[in-house]
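Whole structure, please, built from the sequences with the hints as guidance.
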Amino acid sequence: MAVSQLVGARVQRREDPRLITGHGHYTDDGEPRGCTALQVVRSPHPHALIRSLDTARAVAAPGVLRVLVGADFRAVLRGTMPVTPSFVADKRQVPERFPIADREVVYQGEPVAVVVALSRTAAADAAELVDVDYEPLQAVVDPDRALEADSARTHAGAPDNVCWDVTYTGGDVAAAFAEAEVVIRERIGQQRLAPTAMEPRVVIAEPDPYGGRLTIRLGSQNPHFIRLFVSQALGMAETQVRVVSRDVGGGFGCKISPYPEDYLVPAAARLLGRPVRWVETRSEAMVGTSHGRGQVYDVEVAAKRDGTLLGMRLTQILDVGAYCGTFGAFQAVAVYMAPGAYRWRGVEGRTVGVLTNKVPTDPYRGAGRPEGTHLVERMVDRLAGELGMDPAEVRRRNFAEAFPFTNPFGLVYDSGDYGRTLARALDLVDYPALRHRQAALRLQGRYLGIGLSTYVEICGLGPSAATAAATGGIALVEGAQVRVFPTGSVAVYVGTHAQGQGHDTTFAQIAAATLGIPIEQVELHHGDTDEGTGFGYGTYGSRSLSVGGMAIRGATIKVVEKARRLAAHLLEADEADVIFEGGRFAVRGSPAASRSFAEVALAAYGPDLPHGMEQGLEAVHYFDPANFVWPFGAHVCVAEVDAETGQVTIDRYVAVDDCGTVVNPMIVDGQIQGGIAQGIAQALFEEVVYDPDSGQLRTGTLLDYLVPTMSELPVPELSRTVTPSPINALGVKGVGEAGTIAASAAVINAVSDALQPFGIRHVDMPASPDRLWRLIQEARRP
Amino acid sequence: MGERVTMTINGMSHEDEVEPRTLLVHHLRETVGLTGTHVGCDTSQCGACTVLLDGDAVKSCTVLAVQADGAAITTIEGMARGDELHPLQQAFWDEHGLQCGYCTPGFIMTAAKLLSDNPNPTDDEIKIGLEGNLCRCTGYVNILKAVRTASRRMLSGSTAASASARSSE
Amino acid sequence: MIPASFEYRRASDLDDATRLLRELGPEAKVLAGGHSLIPLMRLRLAQPTALVDLGRVPGLDGVRVDGDRLRVGALTRHAQLAASPVVRGALPLLAAMAAEVGDLQVRARGTIGGVIAHADPAGDYPTLALMLDAEIVTTRTTHAAADFFQHIFTTPLEADEVIREIAFPVAPGPHRYVKFRRRRCDWAIVGVAAQRLDGGWRLGLTNCGPTPLRARAAEAALAQGESAAGAGARAADGLTPPSDLRASADYRCHLARVLTQRALEEATA
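Protein chains in written order, with the working numbering: chain A, 1 to 782; chain B, 1 to 169; chain C, 1 to 269.
Hints were generated in silico from the structure; no laboratory data involved.
Warning: the hint list may mix true and false statements.
To be verified - With the C-beta cut set under 10 Å, the calculated list includes, among others, these residues of chain C facing chain A: (1) 2; (2) 14; (3) 43; (4) 64; (5) 65; (6) 96; (7) 183; (8) 185; (9) 196; (10) 198; (11) 246; (12) 251.
To be verified - To be clear about the criterion: a stretch of chain C counts as covered by chain B if any three or more of its residues have a C-beta under 8 Å from a C-beta of chain B, and this derived list gives those stretches: (13) 31-42; (14) 51-60; (15) 227-241.
Unchecked claim - Covered, in the sense of this in silico footprint (three residues per stretch, anywhere, with C-beta under 8 Å from a C-beta of chain C), are these stretches of chain B: (16) 39-48; (17) 63-69; (18) 79-92; (19) 104-118; (20) 121-131.
Note that the structure is predicted; figures quoted are calculated from it, not measured.
Virtual Cβ for every residue (Gly too), placed ideally from N, Cα, C.
Written out as structure tokens, the structure reads:
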């Protein structure tokens, strides 16, 4: 079926009118009648034993309804919080996590009690009256130190701090290193980051006193998984629990996994028999919402003197935090993606998950792919420096070229043309002129750097065979339902959810294009587990379009096929002769005889149907992609370092991306722009800092955690190539994470390149002025 | 221990009793029911709560409701005239100046103050004017564009639609 | 978060403010723009029992030139200072500083008196007040700036004492404030102010110690005819700045030197 011009059109977003007028529906924008307020009492210590916990003063405070502690919740919540296999099926130890601590606290911010009161002020006041007597224990802070035999333990009495330790080998690594003419080594950091969605988390739970049902409202990237996990914990059937997520004020991965409050608030609502609301403050978010990254890599690369890459060995030390995040081990995908866009004889990657007394790490925009990209792109630049070659030339010499391309770990890259995006990017910056300018400036004592990042990423999770094992049973496919009403208007239900990516628009474009009807006739529904297919798989890993969009397309095609059979009946024609074009069914050769989509829709509810056809016009489709999809591109960052102060200024940022077929170019560009901003933010600004001795969080507010503002970020220049994916009929890939995956490497390569005259080979993130100044000082020291 | 406060909010007079510690943003959201003004932090960094207070763009999370007694407040809900969007709202829509939309009301209110002081700002002036607002989705690129577009349209007094046609760059 | 409960009183004039502060006791605090205090209260790091709001006190905001002094009312907001033709004419360095405090919304509410009274060494105006020997005029007395900034967040202000105005010398000559920070809206990691006054240079350092500081060795070097570079080299003499998340002590010293040179060069450019 031909895809109409709607796919590829710059359609303005349908979600915007409500959002620009202040009429969005974020979770905290509405509360049920009689709603109570819940405040969480959190551990101020990263590691301590609870000697005693006295709630008497809090219970007596004005407006307080109940003060609940671990034992209260153990009576109504079963089991422990889920940990999926993700990329590490074989974990050594997974500490059991109950949503609230009752004996030992293992991270600063861990819940120890909750206060439910008539108002938020009353709850906040009473929370200060919960008296907890802690016996502080040594906190485990540094992951390297945590691996030493005499380290303190994150959980008292644990055998060690190792959550997992697994090595993956792809290809013949030994042979690759045996053949090496040059071997380079580097230690590359990935600081902890706070995802910092602008909307903090909010959970509102409302029990239905008669029906026994429970409605949970929260901002989530995957409401169905929340329903699955929380209903199980509460001992309720999934049918009894409705999870609703309307407008979500950003997620970036931090609204995928279930959180303690997702259990505590519904449980409290059931215990009290009243609606309960919890609103996270930003300070709570810094200690209570998952962090991302938090890794360090030891990498060695074997190559030939002509720049041919041979082999790589790497160890990923991953700071898991105090508990393994539900999808925390997903970040180990960095190992699988370490080969990047290049050909290797062999790659061997060891991943070690280390427990520390910090908030758990979990996926954050890119989740393992920015890390994999950063390390390989850094190493390619290091190699170029070592060999005195141009980094662009080293890349060209090693790019994967024949597609589908199988990387050393057996992952099959669907389609690509890496040389083309690089060439386009170099063209846009006028690379030879830029190198001349760099040389001229160096003579003046100015330090300009040029950084390339030619990334490839894995997304579109995912094929059922690969992903069912990763979740522990549920294959990450996607379901959609299309319902056509008698007048021809169409409701589309999909199991993904949006956190700002414009699904209302993009998905409606796909449905309307397939159905040949105006986009206004399509209404998109998502985020409510009471609607649509039996399960929805959510939004993460840049999967919504290539899996969810395809599910919608599949369901609409089923609808069209039924409508075509019905139209043939109405037109008294053979089904094979009925064509569907421009929203009309017509008989081939006699265009005068035709029926509009709406006419057929009405007929579908009438008496005159072909033999054996049921009334109605609706369909469900689950889409199971045959493979992941593999966006790629080339980013170039041009940055200048003030060698006196260490301040970095980005002069230019050029991005050439390829995400396959583009459904809405405006939205695609927006995703790239925002993604780049988060990558630059990691490269230059953001870092979660814990005190190395006490384990206290030192970046507890947005004063200290430096999210860049408009003044700090460049306006990137965007371009794209289109290499359709062969694994879905739309040819689409993903774009939500690409910018972030590419950007940190481009920036740090530029900064490292700028400092090359000082003999500095590598710069860790964030490349803050004081860090760069120190590096320059050390380099200048004789 | 309530204090009586009277404010004119989006042209309507509201008289309420508030606790002294009630932040203006909580008053607007929870007492008055205007939930378009959002809260994104607790240290005055993010600007999601920006409203106009007697014409000044202020962070309503750092103003006590009692301090605003007698003031005229404009929130995002007060920007459109009926069905006609404020030029800034229209420009944010046209230029894809928002993704998740949570920070957007704050940006629009700050930009409104910026453009009332400086109807034809340079890019640098826009950036400096809006650095009290954090956005996590857009990288600010299209916010900058939107403010530029709104400024141009407001100066020319053109209708949004015709300006939109002209401004396709 | 929500602040802890407190009593709220609105002062009608400064006498009333003094009376209220006496009545409410030492745990009462003065509320001006609130942009230092309210965030601390929201985090419950500050829990005053009462606030005396100066917001409606007439005559406390505004600037005027009085002989060789620029008198700035305590409630004058950053945005007013930045835009004021009087300030731009009499003490353009103050206007330049004001234009770079916080962000647009903060500048709409925050006041100079609030910044001075808060005595955060990362604040910009304390540096200017100190280096220019400004006077801090209160309901009780007049404090020389050199005696006012005693330590971090510590001043001689009594519990019932309120700042009326700050009197700066009129200084329209060459000047420059170089405020080094990672984000434009942040506090200075190090700030260096340079002002030509009475035939010499005054140099002030922001966030280089528990109080604002003068780079006296650098000032002296300039008086002896040293170049900007020569003065810059002396700017960190005797400095023992703090180490924190943003900068180590030695980096701060280095910045003090580099930025002093730049401030002088840019002031005279």
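How does the region 227-241 of chain C fare against chain B when you require at least three residues with a CB closer than 8 Å, holds or violated? Our answer is that it is violated, as 0 residues pass the Cβ test (under 8 Å) against chain B, missing three.
Min Cβ distance, residue 183(C) to chain A: is it shorter than 10 Å? 6 Å, holds
Classify the hint on residue 246(C) as holds or violated, based on whether any CB of chain A lies nearer than 10 Å to its CB. OK, holds: residue 246(C) within 10 Å of chain A, min 7 Å.
Residue count check for the region 63-69 of chain B against chain C: does it reach three with CB-CB under 8 Å? holds (count 4)
Three residues or more, CB to CB closer than 8 Å: is that satisfied between the region 51-60 of chain C and chain B? Result for this restraint: holds, n = 3.
Should the interface hint for residue 64(C) be scored as holding, given a Cβ-Cβ cut-off of 10 Å against chain A? 33 Å, violated
Mind checking the CB of residue 65(C) against every CB in chain A and telling me if the closest is under 10 Å? 33 Å, violated
How does the region 39-48 of chain B fare against chain C when you require at least three residues with a CB closer than 8 Å, holds or violated? holds (count 5)
Verdict on chain B covering the region 31-42 of chain C, where coverage means 3 or more residues with a C-beta closer than 8 Å: Satisfied; 7 residues make the cut.
Let me know if the C-beta of residue 14(C) comes in closer than 10 Å to any C-beta of chain A, holds or violated. 32 Å, violated
Going by Cβ atoms only, is residue 196(C) closer than 10 Å to chain A? Cβ of residue 196(C) sits 24 Å from chain A, so the hint is violated.
Residue count check for the region 79-92 of chain B against chain C: does it reach three with CB-CB under 8 Å? violated (count 0)
When the structure is compared with the earlier hints, violations turn up for hints 2, 4, 5, 6, 9, 10, 15, 18 and for no others.
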